[in-house]
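Asks: Sequences listed follow chains A and B, in order.
When we follow the numbering used here, the leftmost residue of the first sequence carries the number 26, and every step to the right adds one.
When we follow the numbering used here, the leftmost residue of the second sequence carries the number 32, and every step to the right adds one.
By construction, these hints were calculated from the structure, which means they are not laboratory data.
Note that the structure is predicted; figures quoted are calculated from it, not measured.
All C-beta atoms in this analysis are idealised placements derived from N, C-alpha and C, irrespective of residue type, glycine included.
Mixed in with the good hints there might be a few duds.
[Unchecked claim] Sample of chain A residues at the chain B side, in silico, Cβ under 7 Å:
id : residue
1  : L69
2  : F132
3  : G133
4  : P134
5  : G135
[Claimed, not checked] With beta-carbon atoms standing in for the labels, derived distance ranges:
id : chain 1 : residue 1 : chain 2 : residue 2 : range
6  : A       : G78       : B       : P144      : 46 to 54 Å
7  : A       : L141      : B       : S100      : 44 to 52 Å
8  : B       : D109      : A       : G78       : 45 to 53 Å
9  : A       : S43       : B       : E88       : 41 to 49 Å
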Amino acid sequence: GAVVSQHPSWVICKSGTSVKIECRSLDFQATTMFWYRQFPKQSLMLMATSNEGSKATYEQGVEKDKFLINHASLTLSTLTVTSAHPEDSSFYICSAAPPALYNEQFFGPGTRLTVL
Amino acid sequence: QKEVEQDPGPLSVPEGAIVSLNCTYSNSAFQYFMWYRQYSRKGPELLMYTYSSGNKEDGRFTAQVDKSSKYISLFIRDSQPSDSATYLCAMSVIKAAGNKLTFGGGTRVLVKP
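Next comes chain A alone, as it looks inside the complex (with noise of 0.2 Å):
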């Protein structure tokens, strides 16, 4: 149990185009959503939390116009990265919370965006 996908798992765009990458919870519902970052051999970095029906907090330094994040329902976030450049190109990753698990989070595969 407790399957987390992302959707695309790899985008190559042009500059200044709009990217969305999804993530879903298959087999559970998450309250708590999560997008992190992740540069080559580096940590995760956290963007935002994102909660169903509210609107996504965001980690200090992180432009919200930038990375839109919509948690429209419990099995599904959207992070979408608004007028991509290069130095956007990044791993991309998200993870779920289920409510009855404590500070338990179940990652998903990642998207690698690549913004030529």
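Got chain A sorted already, so can you dock chain B onto it with the hints?
Replies: Leaving out everything else, chain B in the frame of chain A:
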């Protein structure tokens, strides 16, 4: 100073050896400790979760917490080439569903056949 410090490695061991990983932390409020394994270009996978000082065993994995020293460890017995991955420690202050975690930088492990 980072809240959670973890040696980045790489840590190279021969197959069958014990892998020893550790993290130190500065925030004494951390109460809940997790170890994740991450293969290249994949999302992290939860290995162990503990919330008290002492040892917790699960198969070949043993997690150890020493709150007085602010030090946690993960031991992998009888290591296999398939254990080659990056291991991340993570910590949390409160016991709550949907609570955010603080991660260490990860240690890259290579088990050579």
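Asks: Against each hint, give a clear statement of whether it holds in the structure.
Replies: Cross-check of the supplied hints:
Against a cut-off of 7 Å between C-beta atoms, the interface hint on A/L69 holds, since the closest Cβ of chain B lies about 5 Å away. Hint on A/F132 holds. Least Cβ distance to chain B is approximately 4 Å, under the 7 Å limit. The criterion of a C-beta within 7 Å of any C-beta in chain B is met by A/G133, whose closest approach is roughly 5 Å, and the hint holds. With a cut of 7 Å, the hint placing A/P134 at the interface with chain B holds, because the nearest CB-to-CB distance is about 5 Å.
Checking A/G135 against chain B by beta carbon gives a least distance of about 5 Å; that is within 7 Å, so the hint holds. Between A/G78 and B/P144 the CB atoms are about 50 Å apart, so this pair conforms to the stated range of 46 to 54 Å. Taking the beta carbon of each, A/L141 and B/S100 are about 48 Å apart, inside 44 to 52 Å as hinted. Restraint check, B/D109 to A/G78: a C-beta distance of roughly 47 Å satisfies the suggested window 45 to 53 Å.
The hinted window of 41 to 49 Å between A/S43 and B/E88 holds, with their beta carbons roughly 48 Å apart.
This entry satisfies every hint, going by the numbered hints stated previously.
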